[in-house]
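*Asks:* The sequence shown begins at 1 in UniProt numbering and counts up one residue at a time.
Keep in mind that the hints are not guaranteed to be accurate.
[What the hints assert, rightly or not] Quick list of in silico lysine-lysine cross-link-like pairs, DSBU-like style, CA-CA up to 30 Å:
#, residue 1, residue 2
1, 742, 184
2, 620, 387
3, 274, 559
4, 597, 305
5, 597, 620
6, 188, 388
7, 274, 620
8, 337, 188
9, 744, 249
10, 463, 559
11, 305, 463
12, 483, 274
13, 15, 5
14, 360, 567
15, 32, 305
16, 680, 565
17, 468, 274
18, 413, 360
19, 512, 742
20, 744, 184
21, 597, 271
22, 512, 483
23, 274, 305
24, 680, 559
25, 387, 405
26, 756, 249
27, 512, 463
28, 329, 567
The set of hints was computed from the structure by calculation and includes no laboratory data. Keep in mind that this is a model prediction, so the values were computed, not measured.
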Amino acid sequence: MSRPKLVFATGTNFKIEIPSGWFTTISIVSRKSYNRLVTVDYVIDGNPRVSFIGNTYGKTNEVMKDIDSPSDLLAIVPQEDTQTLDFNAYYSTQGTVKGDLLKDDKYRSTRANIITTNKPVRAPKEFPDYTTYLIFIEDAPGSSQVAGAPEYDDALITVNVLQGYKPATPPVDTGSAALTQTGKDAIKEFINQYTDPTAPGPTIPIPPVIPPPVRPPLTPELSALPVGILGAGVSGLYIALILESLGIKYEILEGSGRTGGRLYTHNFPNKPGKYQYYDVGAMRYPDTSFMQRTFDLARNRLGLKDQMLSYIRGNDNAFLCYNGIAVTKATFATESKQGADTFKASQSNDGTVPDEYVAKGSGYFWDVILDELRQLFVDNPFDVAFKKLQDLDGHTVTSYLTFVKQIPYEVIKWYETMESRTGLFDQSLTETVLASLVFNDPRFKGKDIDWFCFDGGSEIVHKAMEAKLQNKPIHYYRAIILKETDNGQSVTVTFDLSGNPRQLAVSQIEKKYSNVISTMSLGCLRMVDLDNIYLSNGQRSAIRQLTYTPSIKIGLQFKTPWWEKLKIVGGQSSTDRPIRDIVYPSYGPDDSHPGSKMSNCMIAAYNGMQDSQRLGGLMKGRGTPEEKILLDLVMRDLAAVHNLNVDDLWKEYEDYYPWDFYRDQFQLGAFCQFGPGQFKYTYPRLTQPASGQQRLHFAGDATSTFHGWVAGALNSGWRAVLGLLQNHPELNPNPNEDIIAKFKNIWGPSEEWDEKDLAVHNWLARELTRIDLASRSRAANVH
1 MSRPKLVFAT GTNFKIEIPS GWFTTISIVS RKSYNRLVTV DYVIDGNPRV SFIGNTYGKT
61 NEVMKDIDSP SDLLAIVPQE DTQTLDFNAY YSTQGTVKGD LLKDDKYRST RANIITTNKP
121 VRAPKEFPDY TTYLIFIEDA PGSSQVAGAP EYDDALITVN VLQGYKPATP PVDTGSAALT
181 QTGKDAIKEF INQYTDPTAP GPTIPIPPVI PPPVRPPLTP ELSALPVGIL GAGVSGLYIA
241 LILESLGIKY EILEGSGRTG GRLYTHNFPN KPGKYQYYDV GAMRYPDTSF MQRTFDLARN
301 RLGLKDQMLS YIRGNDNAFL CYNGIAVTKA TFATESKQGA DTFKASQSND GTVPDEYVAK
361 GSGYFWDVIL DELRQLFVDN PFDVAFKKLQ DLDGHTVTSY LTFVKQIPYE VIKWYETMES
421 RTGLFDQSLT ETVLASLVFN DPRFKGKDID WFCFDGGSEI VHKAMEAKLQ NKPIHYYRAI
481 ILKETDNGQS VTVTFDLSGN PRQLAVSQIE KKYSNVISTM SLGCLRMVDL DNIYLSNGQR
541 SAIRQLTYTP SIKIGLQFKT PWWEKLKIVG GQSSTDRPIR DIVYPSYGPD DSHPGSKMSN
601 CMIAAYNGMQ DSQRLGGLMK GRGTPEEKIL LDLVMRDLAA VHNLNVDDLW KEYEDYYPWD
661 FYRDQFQLGA FCQFGPGQFK YTYPRLTQPA SGQQRLHFAG DATSTFHGWV AGALNSGWRA
721 VLGLLQNHPE LNPNPNEDII AKFKNIWGPS EEWDEKDLAV HNWLARELTR IDLASRSRAA
781 NVH
């Protein structure tokens, strides 16, 4: 265990190191009747701060107050990392204590005497759990001394450091905070649109206490209905785990023949072994604050801590291949520092990019242009920085670079080719900045993020989730019709069973539920007949309009990991050739393919947007002429990127497996990548329930601020269940128990939502539904 540590410098400049997880309070008392100032420099959540603690002229023997706050003490809550408090003491018999004083050392106090007191230690403890520092300050020896008083009598600084009972809470990184704030602002704006008296049009006053929903009494038959969960991906499984912990009946129904959704690991069948796989879906997990629920699930609830492997993101021996020129990343970095145009992109090398932009490098886009926007969160308070960023929400990346940064078109497309996916710059600028904030937090520069993958592939997560459930998912039940039944007191779902390879007597079946939670992708939900269940116009539009980006992966199995001969272990290569990105395995060697450091299976092509659409067009099924063309193209690209002979690569080849998320009938898209302003429009509507009595709920990562990540799927499940409980208290199997308190106690809070905010949001959904249905009824009667 680390302890507080005093680092004494000179005069009255001294430092105290505070370990992570310790509380600190600082107070100062002065006996002199003149202005006094003590500055304390420190860091909170990655943000440098300075507190000015002082008293005013003519007042003595008082606890000195923090000039920047109304508190009598400067109190610092436990931090994740060790921090250093840097003290300086000043005094002034005239003028101000803030301003010129700090610039003029003639007002600096001269000496400090420091006494350290520790709590006595008793076995079995090894270290004291509190320390007090008494710092006695002398301003000017001799003339300023009080007659008969000891030296160092001008002021007393008391620093109390107390070990916390719990480890410090990790600070929320800027990206997580900004993503969360994006959702909160969208909800606030949506609610104000209908409830703010100053807004145009009629308003609905928010009651002081949100009333419980008014429902007709249920028959015993209806009361016994379970909750239906559509989709057995990670969101549906998480919802089932929550409902089971609360004693609420449920069924999970999955249209495909497998569990897991986008947690999909393909195991090559020809030469099976422990590491003969690649992750078709989610494959890497950064240990950041926005992934907190993911790591809680894996480590604490599923016991998979020992099955999490380090994920290797970077490798200097991996390749960059552009304009037909292939070099290692290390070579490119060296040549770039020397001003070389490695890939002959500049106009002086018959390229299209002006020389001055090539000299800056394509990384200028991420490292400078986007960093200017990330830096807003360093230079401004969070709310100010966030407002400045949201003012740009109407821009795509391309429009911002064109009209704001005045960058030529050729340069923008060069940036996109080198640093992104073809067409991705036509998506939202703020989405791009927020995504980059998660992995490049300007407040934590120099602090590496730990990345992980799962030993056995991401499928071990959904397998562990399913193993914990009493009610297992039912497969080959594809929802095709949802309708309100029993005067809106139930939802009936029609399922198509024709995908079941077993010859069944019936091809369709109806099931009735008290509520339905859809975790289907919105592309799949769009294919469901929703004509006989109430959705607001905004919900129907959101389901139709929300953008899912295309994405493909092509996994290859080789006889040996030949890339290791090139000193490549983990990381990825990038190219402008059709395959775009190559991802090397971060997981171990296999007995079936001995002699390697890592697996002999790689992701030979990983790309999105237009790049993936073109390769996806060749994915017509194993053995088809189109896939023979596809495989030949991939092998030729691999050879070109690694400066190898393609015939030598074919000698190493064993198997391949391509995947296109847009061609998967149970996905119809990979993950959300919103256009300008789209999130603000869709998010509030899809986080409210549908149907006349709010019995259809939406979940899945698209309905979270963390879309595109497992964390978003889990957070959306948390919100969907809380909304279910708020709208339908009759689901509580034990009316004498506060089921919402039980829910929060077991599953914790969500950084995306507050219980009260969600209650208002759900109340507004009920009110808007009531008003809209009444309006539709009047219109029907007129006609």
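*Asks:* Next step is simple, just say for each hint if it's right about the structure.
*Replies:* Against the structure, the hints:
1. 742 to 184: Holds, at about 24 Å.
2. 620 to 387: violated (47 Å)
3. 274 to 559: This hinted pair holds, its Cα atoms lying about 15 Å apart.
4. 597 to 305: holds (22 Å)
5. 597 to 620: The given pair, whose Cα atoms are some 34 Å apart, is violated under the 30 Å limit.
6. 188 to 388: holds (18 Å)
7. 274 to 620: holds (29 Å)
8. 337 to 188: violated (48 Å)
9. 744 to 249: holds (19 Å)
10. 463 to 559: Holds, at roughly 29 Å.
11. 305 to 463: OK: residue 305 and residue 463 at ~15 Å, within 30 Å.
12. 483 to 274: Not satisfied, since the Cα-Cα distance of roughly 45 Å exceeds 30 Å.
13. 15 to 5: Distance ~8 Å between residue 15 and residue 5 Cα, so the pair holds.
14. 360 to 567: The hint holds at about 29 Å.
15. 32 to 305: At roughly 58 Å apart (the allowed maximum being 30 Å), residue 305 and residue 32 break the hint.
16. 680 to 565: violated (49 Å)
17. 468 to 274: holds (23 Å)
18. 413 to 360: holds (15 Å)
19. 512 to 742: Between residue 512 and residue 742 the Cα gap is close to 27 Å, so the pair holds against 30 Å.
20. 744 to 184: holds (19 Å)
21. 597 to 271: holds (18 Å)
22. 512 to 483: holds (10 Å)
23. 274 to 305: holds (18 Å)
24. 680 to 559: violated (49 Å)
25. 387 to 405: holds (19 Å)
26. 756 to 249: holds (26 Å)
27. 512 to 463: The hint holds at about 27 Å.
28. 329 to 567: Roughly 12 Å between the alpha carbons, so the hint for residue 329 and residue 567 holds.
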